[in-house]
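Protein chains in written order, with the numbering used here: chain A, 1 to 159; chain B, 1 to 159.
These aren't lab readings, by the way, just hints derived from the structure by calculation.
A few of these clues could be false.
For identical chains, the list gives no copy identity; a pair is met inside one copy or between any two copies.
Straight-line Cα separation of at most 20 Å, DMTMM-like style, residue types lysine to aspartate or glutamate; simulated pairs [stated by the list, open to error]:
{"id": "1", "residue 1": "K99", "residue 2": "E78"}
{"id": "2", "residue 1": "K99", "residue 2": "D76"}
{"id": "3", "residue 1": "K8", "residue 2": "E145"}
{"id": "4", "residue 1": "K131", "residue 2": "D76"}
{"id": "5", "residue 1": "K157", "residue 2": "D116"}
{"id": "6", "residue 1": "K8", "residue 2": "D37"}
Protein chains: 2
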Amino acid sequence: MLSENQIKFLERSVEIAKQGMLSGKGGPFGCVIVLNDEIIAEGCNLVTSTNDPTAHAELVAIREACKKLNTYQLTDCEVYASCEPCPMCLGAIYWARVKQVVYANNRHDAAAIDFDDNFIYKEINTEDAAKQIPFIHYPLTSAKELFNQWQIKENKKEY
Amino acid sequence: MLSENQIKFLERSVEIAKQGMLSGKGGPFGCVIVLNDEIIAEGCNLVTSTNDPTAHAELVAIREACKKLNTYQLTDCEVYASCEPCPMCLGAIYWARVKQVVYANNRHDAAAIDFDDNFIYKEINTEDAAKQIPFIHYPLTSAKELFNQWQIKENKKEY
Numbered sequence: 001m002l003s004e005n006q007i008k009f010l011e012r013s014v015e016i017a018k019q020g021m022l023s024g025k026g027g028p029f030g031c032v033i034v035l036n037d038e039i040i041a042e043g044c045n046l047v048t049s050t051n052d053p054t055a056h057a058e059l060v061a062i063r064e065a066c067k068k069l070n071t072y073q074l075t076d077c078e079v080y081a082s083c084e085p086c087p088m089c090l091g092a093i094y095w096a097r098v099k100q101v102v103y104a105n106n107r108h109d110a111a112a113i114d115f116d117d118n119f120i121y122k123e124i125n126t127e128d129a130a131k132q133i134p135f136i137h138y139p140l141t142s143a144k145e146l147f148n149q150w151q152i153k154e155n156k157k158e159y
Numbered sequence: 001m002l003s004e005n006q007i008k009f010l011e012r013s014v015e016i017a018k019q020g021m022l023s024g025k026g027g028p029f030g031c032v033i034v035l036n037d038e039i040i041a042e043g044c045n046l047v048t049s050t051n052d053p054t055a056h057a058e059l060v061a062i063r064e065a066c067k068k069l070n071t072y073q074l075t076d077c078e079v080y081a082s083c084e085p086c087p088m089c090l091g092a093i094y095w096a097r098v099k100q101v102v103y104a105n106n107r108h109d110a111a112a113i114d115f116d117d118n119f120i121y122k123e124i125n126t127e128d129a130a131k132q133i134p135f136i137h138y139p140l141t142s143a144k145e146l147f148n149q150w151q152i153k154e155n156k157k158e159y
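Next comes chain A alone, as it looks inside the complex (with noise of 0.2 Å):
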């Protein structure tokens, strides 16, 4: 199904889990995002080592290869994840319009060894009222006519 060279990569964001683990950067988890068959950036799981909750290895891969592409969207880019993207790593995923995602560990994996993916993922369309942190939609004029603004706005630059 997948080719060797694909396999490779997917093996590479193993071991950027390993190595990241190893030294303390944070959780087992790794990313390369892959252009025309070659590695364009890797990145590891930074959570816990700079304090950032939003550092899962897809996000910090993604930033990093956009930084290297200057650009907001990878678009003929592949992610190859250790893995399965959470919810938000997913979010991500299709902001940056990449072109497929391959992981090896699933959420169910990640969930034996006590992160919350697949609880994420359970919540994520479960009503508002229902969410174990409440969610409260509270309709602002200011709001509407703000984006009513977007849409006449001149020269925005959409994504």
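The hints should help you fit chain B onto chain A, whose structure is shown.
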């Protein structure tokens, strides 16, 4: 339903969104993080100005708050966002484990001005094969072993 202060915080998130939009920093989105009834961090969307698809207002504000408090957990903090957090931001909110989220516009308002939030919400619990961006699960022995290593690792910092 909301206190006068809470409404002020939400209005402030809209104001930040507006400033960011008008100064060309990115889309019309803002966020403030509140601790003990005081704003400790603010953020607006910086996607197009910083070439970072992960620089949504919520992520910018969460990272700022964590830096300020020197922690990766915002347990007693509240998030006020000018628009309902997208799945990426919702994930970040869960990982930061904040107390509560209040938002003004919602995902349907965002869709009406051509932002993908609602689309990503629909994609997120779609099966891998049916996703618009293909996700491939390819288990590796090395990845399984890595998770086993994490589980027996001593002195690990969990999150």
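The hints, checked one at a time:
In the homo-oligomer, the alpha carbons of K99 and E78 lie at most 20 Å apart inside one protomer (6 Å), although the nearest pairing across protomers, at 35 Å, exceeds that limit. Taking the shortest Cα distances, K99 and D76 sit within 20 Å of each other inside one copy (6 Å), while across copies they are farther apart (38 Å). Proximity of K8 to E145 under the C-alpha cut-off of 20 Å is restricted to the inter-copy arrangement: shortest distance 17 Å between copies versus 50 Å within a copy. In this assembly of identical chains, K131 and D76 lie within 20 Å of each other by CA distance solely across copies; the values are 17 Å between and 36 Å within a copy.
Taking the shortest Cα distances, K157 and D116 sit within 20 Å of each other only across copies (15 Å), while inside one copy they are farther apart (35 Å). Taking the closest pair of Cα atoms, K8 and D37 come within 20 Å of each other only inside a single copy of the chain (11 Å); across copies the shortest separation is 50 Å, beyond that limit.
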